[in-house]
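K.L.:
Residue numbers (the working numbering), protein chains in the order written: chain A, 194 to 292; chain B, 48 to 247.
It should be emphasised that the hints constitute simulated quantities derived from the structure, not laboratory data. Ideal placement from N, C-alpha and C gives every residue a C-beta, glycine not left out. The reader is advised that the hints may include incorrect statements.
Computed, partial: chain B to chain A, Cβ under 10 Å [to be verified]: (1) THR128; (2) ILE133; (3) TYR198; (4) ARG220.
Derived DEER-like restraints, expressed as beta-carbon distance ranges [what the hints assert, rightly or not]: (5) ALA132/B with ALA209/A: 22 to 30 Å; (6) ASP85/B with ARG219/A: 36 to 44 Å; (7) ARG232/B with GLU221/A: 15 to 23 Å; (8) ARG62/B with ASP198/A: 40 to 48 Å.
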Amino acid sequence: MTIDDQLRRLPAPRPAPGFEVRVRRRLEAAGSDRSRLRLPAYAGAMVAVILALGVLLMPERPAERTEVGAFSEEFLAITTPRQTACHAACPAVGESLDF
Amino acid sequence: MADPDPRITGLDAERALIAAAVNGSSAAFDRIVRDHRDAVFAYLVRAGDCRRAEADDLAQDVFVTAWQKLSGFRHDAGLRTWLIAIARQKLRSHRRTLVRALRFHERLRREPRIDDAGPERDLALLDAALRGLPARLREPLYLHVFEGLGYALLAELLGVPLGTVKSRIAHARRKLASRVEVLAREEPRTASPSEREYQP
């Protein structure tokens, strides 16, 4: 008799009676309603679509204008002597700064 | 949906059961549980070296996961192979949890190793020898012998090359046979129940 044949003679272990009942209870505890289990994926897809539409339909933002008051005195003290450099580096700022 | 016709047999019956269960038939799912509970439980005990309470707990988890994912079952392999693949994942995850692993070893320390196989001495020795094999050898041998899984399917299930599956099964057979001989020689010295307890 081969070792495989000997192995097949081993009695098959079986779960204790009431296994189906225990599974059913666990399913109930886990929420056996598959529609609820699928909800996160469905909700995730909806959120992704809404975000994508939001990005696509969002109106173009106007060019940002920076008020002089937004800069500290220290910053202005540094940048004023270097007007050209400041204009080159910050073209958006240059429009509203009166040098 | 109506419950599956009990006169349908074989693969068609399995497909009908799965379809009914996916559509919410708890009777169909109960039938799936009844048809496969013993195989899943036996895999966990024999191949996974679980104690009975541990195997029962994990097997319940397997069927909960099966219920949740049944709609994704693609019929590439049989339903039983799919359930065993789930059981395998559960077992690995279970073993990774340190606290549970400590409890597991504590149970091993307390429970006798050989009694599970029944009164027949040679079967008890074989059972003990099987449990004594390393998991990488025990699992493919068990699935090949008890579940009849072929080498190719085993390679896919275990995630190892085909040659590795063949060599592991051959190695497992040799090791099992020699282990049975060793245990048979040692058995007279381990007659008392206390001596037959597992020594980690």
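K.L.:
It remains to establish, for every hint, whether it holds in the given structure.
P.N.:
Hints, one by one, checked against the model:
1. The interface hint given for THR128/B is broken, as the beta carbon of that residue sits about 17 Å from the closest beta carbon of chain A, more than 10 Å.
2. Hint status for ILE133/B: violated, given a least beta-carbon distance of 13 Å to chain A, over 10 Å.
3. Checking TYR198/B against chain A: minimum C-beta separation of about 14 Å lies over 10 Å; hint violated.
4. Proximity of ARG220/B to chain A holds as hinted, the smallest CB-CB distance being about 5 Å (cut-off 10 Å).
5. At roughly 24 Å, the beta-carbon separation of ALA132/B and ALA209/A lies within the given 22 to 30 Å, and the hint holds.
6. Here the CB-CB span from ASP85/B to ARG219/A is close to 18 Å, at odds with the stated 36 to 44 Å.
7. With their beta carbons about 52 Å apart, ARG232/B and GLU221/A fall outside the hinted range of 15 to 23 Å.
8. Taking the beta carbon of each, ARG62/B and ASP198/A are about 33 Å apart, not inside 40 to 48 Å as hinted.
Of the hints listed earlier, those the structure fails to meet are numbers 1, 2, 3, 6, 7, 8, in rising order.
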